[in-house]
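Colleague: Sequence:
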Amino acid sequence: MSSPSKDAKAEFAQLIQFSIKESYPNTHISDEEIFLSMAEPRTEHGDISSSISFRLSRSEKKSPKEIAEALASKFREGYLIKKPSAINGYLNVFIDEAAYAKLVISAIRKEGDDYGKSDLGKGKKIIVESPSVNPNKPWLVSHLKNALIGDAISNALSSCGYSVQRINYIDDLGLQVAESLWGFKNLNNKPDKKFDLWLGEQYVKVNAEITKEKSIEDDVKELNKLMEEDTAEAKEARELAERCVIAQYETSFSYRIYHDLLIWESDILRSKLLEKALGVLREKGITELPLEGKFAGCIVINLEKAKNISKEFENPEEKIKVLVRSNGVATYVAKDLAFDMWKFGIIDADFQYAWFMKEPNGKELYTTSHEGTSMDFGKAEKIINIIGSSQRFPQMILKAILELMGREDLSKNRIHISYGEIGIEQGTLSGRKGGWLGDERNYTADDLLAEARSRSLEIINKNEKFSEKGNKEEIAEAVSLGAIKLEYLRTDPEKKVTFSWEKALSFEGNSGPYCMYTYARASRILEKADYDEKISKGDYSQISRADDFELLKALGEFGDMLEKTCNEFRPNIMVDYALRTAHLFSKFYEKMPVIKGGDAKEVRLALVEATRQVMHNALAVIGINTIEIM
RNA sequence: GGACACGUAGUGUAACUUGGAUAGCACGGCAGCUUGCGGAGCUGUUGGUUGCGGGUUCAAAUCCCGCCGUGUCCGCCA
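Numbering (my numbering), first residue to last: 65 to 694.
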């Protein structure tokens, strides 16, 4: 719950306020503005800097340089913050090493796995939907990105006190499942490999058949219609999809990704969610039923008034969106909107929930079902959808409709985490055309992990000396996951990515294994040191102003970084932090002897222990488990 | 045609939301460091007109305007 870096900044801000009051009694400047003026200066100048003199320069009609000097002369020393220096108009301060070391190290020790957590989202429910892969194919490397972002964001939000519902939406009524069901009935129903992979491969074949024989397309459409009614086909489709989802969860669990609830399109249909949603829109008077013209017989919505959401809606060609077609079939936007309304608790689905499976993390995965009990899902204050950037426009429409309903609050709390979709060097990863089928290995999440495992085993076998103590298979497993997850999450989600085996399986430099390695080394030092946990007050003074203090500063920032990750919904902030901290630890480790550190031994050991804990906490947010030996 | 996103050394990227001092990191290249707390490491070096052109400002990778390039989306499809 504590954030030492925030404490230091707050103290600095207070001291600046005091100086301003002394030097310029008639000038008032907000604390927030002072916080915004702070930055990290070059190492030799100090630990925190403020450019507040530049702000004051105009109103005081003096140069920033003069102001900084005036402020510095009136500056009082604080508990953490030492006397400042004024350089080029900047106010630079050093933090007191011993006091800060005590603050950081004792906080990390006391709070352990909870260090850095906050109550930012205390009492608030939030729904994260991810990855919602169609239930007729295996997870591809592209779906993995979605799943990993969802996992990391959920972890971060949960650490910030939110009550997170991790939901996986399953569209078992889509045309894709209809095509797969057609294949199951007409091509082959004897799976000879992992079910999702088998079904995905067959799906590619079905599409090839459709291209050759047009009549199949009609059959599939007929099948799709039957699936939406109370028929034998509907049952078959659900069963087929469930078998696929169970297979997909083998993949999910192998990546240690867990969810709380599956929501099936067939259950949404049965619960009449769509009708209720349309009812709400009708009551609000924002839907229209054109009797003539292009949209005769449809239910449409006019988005012109939502042009502050997107300029696109100013375009007269674009502003009318169909919710229900003239044949009575709802569009995807309408379905999504109904689902959104349920998530926010505006409409009730009366879902019945059943147990689906026990997850390896010990929690239960529930599912919507035609029979079961009622449970307390939904009714969230914030909803997050992790969806590829190609869906940006429809996602914008959903925000716009909430706004038209007069619910700007919900519109604001409906968050689309858009991510750049993954491509491959040649062709696309299309599930339909089979672009994901490779010659030697496929572009599936399973193949990626298998490849990573074999590569890390190779490396482990070369490093016999250290890995002999541990179980090689387990180490390979952990390292592989670390490598893949960090690589997927290290860049801004929005950037588009071209998949390459080399990049995804990086073990050196800015990599997952590098972070895990620093953790393992820290663990070994503590093990060897026969370390007495009691640090006397005097020992903190052994913290110097070299690599040890740089590391300490980073440790103090963890809580800030966690909140930033949550506020911006960008896991790469946490990855960046973990890498930075790992680099700082490596430098410290290389240059400053710990066990042979003489008088500084105790405090350096405490720093190692603290680093180990913070690395653990940071990697946990990213979804990476630390290991003691590698 | 319109809207949105992206453009930073050979490559992958950080910093852009909130303007601040010499644009941070990794890969690659080159040169080093292990009888030493774990070399999946460390040190040094190489490489940048931050796509281009204007503007605002004491100060621009960051904000504004206009271009250029790449990608995505724009159906009563699913």
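You may find that some hints are simply not true.
[Stated by the list, open to error] In silico DSS-like pairs for lysine-lysine, Cα to Cα no more than 27 Å straight-line:
{"hint": "1", "residue 1": "Lys299", "residue 2": "Lys249"}
{"hint": "2", "residue 1": "Lys276", "residue 2": "Lys254"}
{"hint": "3", "residue 1": "Lys70", "residue 2": "Lys188"}
{"hint": "4", "residue 1": "Lys651", "residue 2": "Lys559"}
{"hint": "5", "residue 1": "Lys628", "residue 2": "Lys181"}
{"hint": "6", "residue 1": "Lys476", "residue 2": "Lys369"}
[As the list claims (entries may be wrong)] Okay, the calculated beta carbon distance ranges per label pair:
{"hint": "7", "residue 1": "Lys560", "residue 2": "Glu352", "range": "47 to 55 Å"}
{"hint": "8", "residue 1": "Asn631", "residue 2": "Lys427", "range": "21 to 29 Å"}
{"hint": "9", "residue 1": "Lys249", "residue 2": "Gly491", "range": "37 to 45 Å"}
{"hint": "10", "residue 1": "Glu130", "residue 2": "Lys369", "range": "40 to 48 Å"}
{"hint": "11", "residue 1": "Lys358", "residue 2": "Glu558", "range": "33 to 41 Å"}
{"hint": "12", "residue 1": "Gly357", "residue 2": "Asp256", "range": "48 to 56 Å"}
{"hint": "13", "residue 1": "Glu352", "residue 2": "Glu281", "range": "50 to 58 Å"}
{"hint": "14", "residue 1": "Ala296", "residue 2": "Glu352", "range": "34 to 42 Å"}
{"hint": "15", "residue 1": "Gly409", "residue 2": "Glu314", "range": "54 to 62 Å"}
It is worth saying that the hints were derived from the structure and are not from the lab. We put the CB at the ideal spot given by N, CA and C, even for glycine.
Colleague: Next pair to validate is Lys299 with Lys249; report whether the Cα-Cα distance is within 27 Å.
Modeller: Given that 27 Å is the threshold and the Cα spacing comes to 13 Å, the pair holds.
Colleague: Return holds or violated for the Cβ distance of Gly357 and Asp256 against the range 48 to 56 Å.
Modeller: Holds, since Gly357 and Asp256 (Cβ atoms, about 54 Å apart) stay within the stated range.
Colleague: Hinted pair, alpha-carbon criterion (27 Å max): Lys476, Lys369. Please report holds or violated.
Modeller: holds (16 Å)
Colleague: Is Lys628 close enough to Lys181, meaning Cα to Cα at most 27 Å?
Modeller: Answer holds: Lys628 to Lys181 is near 12 Å, not above 27 Å.
Colleague: Quickly compare the C-alpha distance for Lys651 and Lys559 to 27 Å and report which way the hint goes.
Modeller: violated (30 Å)
Colleague: Are the Cα atoms of Lys70 and Lys188 separated by 27 Å or less?
Modeller: holds (23 Å)
Colleague: For Lys249 and Gly491, compare the CB-CB distance with the range 37 to 45 Å and indicate the outcome.
Modeller: violated (30 Å)
Colleague: Taking the CB of Lys560 and the CB of Glu352, does the distance hold inside 47 to 55 Å?
Modeller: At 37 Å between Cβs, range violated.
Colleague: Decide if the proposed pair is consistent with the structure: Lys276 and Lys254, CA atoms, cutoff 27 Å inclusive.
Modeller: holds (23 Å)
Colleague: Would you say the C-beta atoms of Lys358 and Glu558 sit inside 33 to 41 Å of each other?
Modeller: Since the Cβ atoms of Lys358 and Glu558 sit about 35 Å apart, the hinted range of 33 to 41 Å holds.
Colleague: Using the C-beta atoms of Ala296 and Glu352, is the stated range 34 to 42 Å upheld?
Modeller: holds (39 Å)
Colleague: Do the beta carbons of Glu130 and Lys369 sit within 40 to 48 Å of each other?
Modeller: Violated, at about 53 Å.
Comparing the model with each numbered hint stated earlier shows that hints 4, 7, 9, 10, 13, 15 do not hold.
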